[in-house]
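Chain by chain, the residues:
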Amino acid sequence: MTHAADPRLSARARLRRALSNGRVTAVLILLPPALILFTLFVMLPLGESAWFSFFNWNGYGAPEDFVGLDNYERILGHSVFHTAAGNTLKIVAISLVVQMPLALFLALLIYRKTPTNALFRLVFFLPYILAEVAAGLIWSFVFDGNYGVTASIAQGLGFENVFILSDPDWAFAAIMTVIVWKYFGFHMMIYIAALQSVPEDQIEAARIEGARRTQVVRYVQIPHIRPAIAVSAFFAIIGALQVFDVIIPLTNGGPSNQTHTIVTYLYTFGLTRLNIGFGSAVGVILFVGAVTVAIFYQRIFMKRTEA
Amino acid sequence: QTEVTVLRVAVNDEQQAYLEQIAEAFEAQNEGVTVSFEYVANEAYKSRLPTLLQSDARPDVFYSWGGQTVVEQVEAGFLQPIDALLPEGFADTIPEAGLQAYMVEDQLYGLPQYATEVVFWTNTALTDQAGVDIEAIESWDDFLAAVQQLKDAGVTPIVAGGQDKWPLHFYWSYLALREGGPSVITDAMAGETGGFENEAFIAAGREFQRLTELEPFQPGYIATTYETASGMFADGAGAFHLMGDWDYLPMRERSTSGEGLPDDQLAILSFPAVTDPVAPGGEAATLGGINGWAVSNSAEPEAVEFLAFMMNAENQREAGRQELFIPIAEGTADEMENPFYIEVAEHIAASSFHQIFLDQFLGASVGATINDISADLAQGVMTPEDAAAQVQEAWDFR
Amino acid sequence: MAEVTLHNISKSFGGLTVLPDLNLTVPDGSFTVLVGPSGCGKSTLLRIISGLEMPSGGSVRIGGTDVTFEEPSKRGISMVFQSYALYPHMTVAQNIDFGLRLAKVPAAERKARVTEAARILALEDYLDRKPSQLSGGQRQRVAIGRSIVRQPQVFLFDEPLSNLDAALRTQMRVELAQLHQSLDATMIYVTHDQVEAMTLADQIVVMKAGRIEQVGAPMDVYDRPQTAFVAGFIGSPRMNLLPGTAIGRADVAQVGIRPEHIGVSSSVGTWAARAQVVETLGADTVVYAKVDQVGDVTVRLPGNQRLKAGETLFLTPEPQNLHLFDDAGLRMEDPS
Amino acid sequence: MAEVTLHNISKSFGGLTVLPDLNLTVPDGSFTVLVGPSGCGKSTLLRIISGLEMPSGGSVRIGGTDVTFEEPSKRGISMVFQSYALYPHMTVAQNIDFGLRLAKVPAAERKARVTEAARILALEDYLDRKPSQLSGGQRQRVAIGRSIVRQPQVFLFDEPLSNLDAALRTQMRVELAQLHQSLDATMIYVTHDQVEAMTLADQIVVMKAGRIEQVGAPMDVYDRPQTAFVAGFIGSPRMNLLPGTAIGRADVAQVGIRPEHIGVSSSVGTWAARAQVVETLGADTVVYAKVDQVGDVTVRLPGNQRLKAGETLFLTPEPQNLHLFDDAGLRMEDPS
Amino acid sequence: MTRGHLARNLLRLAFLCIVASFVLAPMLATVLGGFKTNAEIRTNALGLPAIWNTQFYGSILSDPAFWRYLGNSLVISIGSVVLTLITGAAAAYVFAQIRFFGSRMLFSYVLLGLMFPFATAILPLFIKVRDMGLLDTWWAVILPQTAFSLSLAILLFRTFFAQLPRELFEAAYIDGCGYVRFFWRFTLPLSAPILATVGTFVFVQSWNNFLLPLVVLNSREVFTWPLGMMQFRGEYVTQWNLTLAFVTLTILPAIVFFLAAQKYIVAGLTGGAVKG
Ligand SMILES: Nc1ncnc2c1ncn2[C@@H]1O[C@H](COP(=O)(O)OP(=O)(O)OP(=O)(O)O)[C@@H](O)[C@H]1O
Ligand SMILES: Nc1ncnc2c1ncn2[C@@H]1O[C@H](COP(=O)(O)OP(=O)(O)OP(=O)(O)O)[C@@H](O)[C@H]1O
Ligand SMILES: [Mg+2]
Ligand SMILES: [Mg+2]
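Chains as they are written, first to last, in my numbering: chain A, 26 to 332; chain B, 6 to 403; chain C, 99 to 434; chain D, 99 to 434; chain E, 2 to 277.
These are calculated hints, taken from the structure and not from any lab test.
Treat the hints with care, as some may be off.
[To be verified] Quick list of the computed label-pair ranges, beta carbon to beta carbon: (1) D:R227 with C:L266: 30 to 40 Å; (2) C:A426 with D:G401: 22 to 32 Å; (3) C:D263 with E:C18: 47 to 57 Å; (4) D:G367 with C:Q192: 25 to 35 Å; (5) B:D146 with E:C18: 18 to 28 Å; (6) A:N142 with E:I52: 31 to 41 Å; (7) C:L266 with E:C18: 44 to 54 Å; (8) E:S63 with B:N317: 58 to 68 Å; (9) C:S154 with E:I52: 49 to 59 Å; (10) A:G86 with B:G385: 32 to 42 Å; (11) B:N317 with A:A198: 51 to 61 Å; (12) D:G401 with C:P118: 30 to 40 Å; (13) B:E29 with A:A198: 52 to 62 Å.
[Said to hold, decoys possible] If we take Cβ atoms under 10 Å as the criterion, some of the chain C residues that face chain A in the derived model are: (14) P170; (15) S176; (16) G197; (17) D256.
A quick note: this is a predicted structure, and the numbers were derived from the prediction, not measured.
Cβ atoms here follow ideal geometry from the backbone N, Cα and C, with glycine treated the same way.
Using the sequences and the accompanying hints, generate a full structural model.
Spelled out as structure tokens, the structure:
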């Protein structure tokens, strides 16, 4: 006796309802502003970057001198680009190997909600909200061989003035120090947030079962905050790919172009030298790199933590 | 109602007042014309100009360093030839070398306003202290000896702003001029005699490294900015400072005291000649700027009128009187009183050839490469041969 | 011997005194249930026994040894939490095994014990699953399995069934009772569900605001509540607590009578009442009635009684089942 | 007229058919309760009536009008959700008022209706509070208030009491019954608590896997379950469902007997049994016993019976209270 | 409690203090440096100043340019925040609440923005801004800044909106409330925490942004403070004390703002980032 539902009728009825309850209007009113802004100022420029990257163009007039993949070839053969890419990798490494463990260790020390912990949390997070340029300036003062803090200390110890930022061997180490200084608090906060959501009773259960503090960390807390670690690592990598503002006031890429990252390389060799096509190609390489990282990352880590 | 917009790299207050005054005077003479100045900081100016020129906000007249940049701008069609618009005979008041900087294929696209020269500013108190007689320094070898002597006396021989790199490129440029003679750059640009891999450029690198091997600069010079270095020199931190004549006032302001070195402790030393140059004729060439103005294609004739007005003998002379810069127009430097300016003006007048800074003259990209290799040479992380090769590569791929 | 003795235990959090001064003996092998309203300190007491919380004063002895300052893991206890507290990233087997691994029990023995526990709890088929792939009852079993393998002298349970739905709760309750019978260990069990308390306990401890109101066998507590609080707390539907005047005794502050101890007639009785709401539950019928001068009275009748809201009834409390309480709420031992 | 009629309603989510084909009439003014195990489609059905979900086929009529494709707000219904779904940023008054404002009811009338609803639900003192400042029971009342003011023809409730604790649940249950009496509207109520179903309903609808198993008055369903499923589902403790051989009837697939319909004796009876677990609940005692060849049997006895686990008992089912079911699980109308 | 406990706690505190001093020392040196003469900075960069010279701070505070920089930054930051919140929340609402064809694809499209910095497209971006005639206006920073913030904002918003109880919408819907109205009347007011979080992040980012203003702002009239600071640094390059005073005065608002908003930053990290 069942008469099958008429799919056409119900489809039409559905549409009529969608119109009358404002679903369609909502999509048409609420979505476009963001999409237009995003397309106009993010995706279009990105596409244009890709276009420009096939030209040898100094920014004057319209790009006309089509050079195919020459820009890419030059970049990949440029020793400074290798240094810059290497430096970027170093920042990734230092973020993953030094910064994140430090942040995690600190988070474990202060994740509980007490007034002292709140104070330390505040202090550790402070550098993160400082502007990169301000941080760069502050640290260039610290490292200033004539005036700075290191100078004071060196003088106090009776050493010669040290010029950390002008020493090719040390300048990048200094930059990485600043980066750790600036961003470890951010990662720490992510861990703290995650640690606070670890159910207390699981920790207690482990204690009753005889777990020592380190064992609780290893077997209960860290497995629990694995998603947070994945997120923080993702931020660390994407962030490392984007380091720019800190370097400008500190070394401006010097000495001998030893402290460039990919973005300062782009800025210096693309923008300030008016090799717009060249710079755009760097941008494209950076973008492709970031997307690759993101995709791989999602494949490997995010999936596993979801399960 | 016509509006003339003028874009200028940021200047100090006195210079700004000077420009405003000229604008007012011009407006007073020309009903219905307004002149407005805009100022942009140095680095930003260079990176922003190309895009600005393509925009509707394109200035009518803008500050320029001449050279290759003008050529590129002309090629892109941003500039307009102004010969026909200038008052009769106006061009004759300006030295040929100056006009050349704004000329592309025999057409004039702008006017020079002033020339500058790069010299060794010298702190005589320190040289005296070390027993160095700067009058006696004739050759590069003499200079190197003096550097050694200063070092032995515990005086920092030279201060340099290595972080900005361009202060170091003066050494390489000057040495190349001295080694290769006046035409060395234009020949290289034309691709003759091995281009930038010509022996003269390699020799320049080698000579430069002879200097840097003495470790003549203040410690940490490579992380020192130009401004810091100039302030340090004014504070008496070193005996020499290779810098343009324009630094005379600013270095005072940058000194800790705000006073700088008294005039009687200050001297000017021309860049010494090399003893056995690769090609002859370079010993009397000068390096510096021929700074001036270019006229964009959107400018009304009034803009050129204003430019000519700004450059008239009266205004040029006034600038000299106020010691703002060394005017370029023939015979307008006569009212200057500052001994250093007068000396520089004489140099330029006597110069066999005035070479514009290479980092400007060769365009942004090649220029930056020269700055890079200069810094690398100074630190000994690059051989003279590689340096020359890199410049050539950058030139090829301009 | 795994008797648990609490001697003069007190506990404050900051300024708040949760347990003023508490003495309790939990006999070896007994199933002792702590009941009481929310916030009365049941969990705190359990956590003091477990060692997760230190008492502010007093001492805890387990099996004759003073363990007041001992680490939780050294007390020979195990604990099952309300939220199960399973480790979500470990399989069932790993969850059960974890404590043994920490204790460095040899691998062969660990395996044997885990298998045995899984057998007892019918978890064999789930050993490789993660907790998130289990139902509520299965999770609860894993939590218990984790306790069992450690072979503790004392099991502690903090509302272990309160996250389960009614049907599962009943089932797990029966399983727990059987487990106690087969393991023969001391069990201390916190709940605020009185059905659990009544059905599981050898010994019920009724708490109120950090103090023990009554300790006794379930039916003792049910039949002879020592205070008006216990009388009202134990039993469902609640005991009717009426003013003493309801039975004409001015010397009695409150008189208690359980709903099932009131007779109903349509013609004669002690109190004339009006039925307000009649709930027919199938097996029995609950009548919420109003008696003038006495107040609301709940009556429970067996089977399906055809009564209607608004009807007039006559109620007669059974005199032998009256509970009398004095001004202080204490039981008066003379139901004359 | 606000009779609700569902005609050949079907519903699938993607490939999953939740309701295959359902017909139901809810009489005007009735209190109809939908019960059934979790996931059987109760909420889905309610949401189809409300218009929140569109049926895949069939039609919905409310008060004689076909509303299958009508907007929810135009159907003359209101709905109370399990989680109350109060608007957290609005006061109680605004919460109750919101629907009226959207319907552009004149201000004076809105005010009057809100005041009236607040009076009925004893919410007058809380009108300016935010939901977060209310207790669970008060929140539930606000949710009901929000329904009342819209003066719907049909009230829909989806497990409105399941977030409340036991005591409050009992209280709100009584209040709901009174509300139904006073408003005289049609109410459709979803629950999986059978006490609620038994006590509130005029008409119980028992569902299983998207189909209706039985519709009827509560005591009808209790006394004469039409299927074995209904027999097992309604009643607590559950009805014993035993193989027909237990009473020597090979033609009967299953025989059902409620725990309270089994007599117990220590000496004679139909079945010899061993008590496994004895639960003394105070007012009654539940015995879980094992009978050879028959299986587990639950028996409920009034009062406090002093039985012990392990004891041997003799059980006698009351013959007039046997329920017989055939192979298909359908009731056999011959309890001979 | 026990001795072991105490020792461990002391060790913990000691370690925390060491890290804290590593974090704070540069900032402290900065703040104090603003009170010292240049000569004193040279000899005593870390310690307390011998004399507390306030004129360096004073001279900056009395410089109208300083206040103009701050004002510009404030306008631009607030503009970016408001625009991001409104457009981002509206879009996220649609993504969270309404299922329609292509919604997932559009969402992934927007998420692409998470992955690259301004720098990759800064030049085309400049040309775009220029072609729209926005150079040297506040909009030149606000619009791209907003566009670049949208990805993260929409991600966080959507996660939050999806967690709002579905029944809330259904209850309102039965009351006769449509989608757009629900967005204004319910979603926005109920999302104060996440609005605050995203707002805080966008504000801090915009307040600190350097590269974008550097490229699109030419006129000192519209300079933001990081530009002003770099300009100032260039002018008073050997006078570290003035620079340090300037830095201190510009980071103070950020710190004050942070103290006020830290709750939301933390909440955002818990609620959005970690789950996202
Ligand atoms: N760590 C603590 N800090 C401060 N007060 C606490 C702490 N733990 C418990 N309390 C307080 O102690 C009292 C007793 O808490 P406890 O958890 O023991 O109650 P409970 O009887 O278990 O209640 P419930 O039945 O709700 O679980 C409560 O008032 C509670 O607020
Ligand atoms: N939107 C949906 N999409 C897919 N499946 C759904 C959806 N809503 C419900 N279902 C499925 O339909 C079936 C019936 O769900 P429904 O919520 O009606 O059950 P219920 O009887 O109300 O259960 P409960 O007592 O647990 O509330 C379930 O299997 C459920 O998973
Ligand atoms: Mg508790
Ligand atoms: Mg449901």
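To see whether the hints hold, each was checked on the structure:
With their beta carbons about 36 Å apart, D:R227 and C:L266 fall inside the hinted range of 30 to 40 Å. In this structure, C:A426 and D:G401 meet the distance hint of 22 to 32 Å, their C-beta atoms being roughly 30 Å apart. Look at C:D263 against E:C18: about 52 Å separates their beta carbons, and that is inside 47 to 57 Å. A C-beta distance of roughly 50 Å is found between D:G367 and C:Q192, which places it outside the suggested range of 25 to 35 Å.
The given range of 18 to 28 Å is broken by B:D146 and E:C18, whose C-beta atoms sit roughly 59 Å from each other. Range check, A:N142 to E:I52: about 37 Å between beta-carbon atoms, so the 31 to 41 Å window is met. Between C:L266 and E:C18 the Cβ separation comes to about 52 Å, which falls inside the hinted range of 44 to 54 Å. Distance hint for E:S63 and B:N317: a CB-CB separation of about 40 Å, inconsistent with the stated range 58 to 68 Å.
Distance hint for C:S154 and E:I52: a CB-CB separation of about 54 Å, consistent with the stated range 49 to 59 Å. At about 41 Å, the CB distance of A:G86 to B:G385 agrees with the hint of 32 to 42 Å. A C-beta distance of roughly 57 Å is found between B:N317 and A:A198, which places it inside the suggested range of 51 to 61 Å. Between D:G401 and C:P118, the C-beta spacing of about 38 Å keeps the proposed range 30 to 40 Å intact.
Between B:E29 and A:A198 the beta carbon distance is about 55 Å. The supplied range of 52 to 62 Å therefore holds. Taking 10 Å as the C-beta cut-off, the interface hint given for C:P170 holds, the closest approach to chain A being about 5 Å. Taking 10 Å as the C-beta cut-off, the interface hint given for C:S176 holds, the closest approach to chain A being about 6 Å. With a least beta-carbon distance of about 3 Å to chain A, the hint placing C:G197 at the interface is held under the 10 Å criterion.
Below 10 Å, beta-carbon pairs count as interface contacts, and C:D256 has one with chain A at about 9 Å; its hint therefore holds.
Hints 4, 5 and 8 from the list above are not met by this structure, while the remaining hints are.
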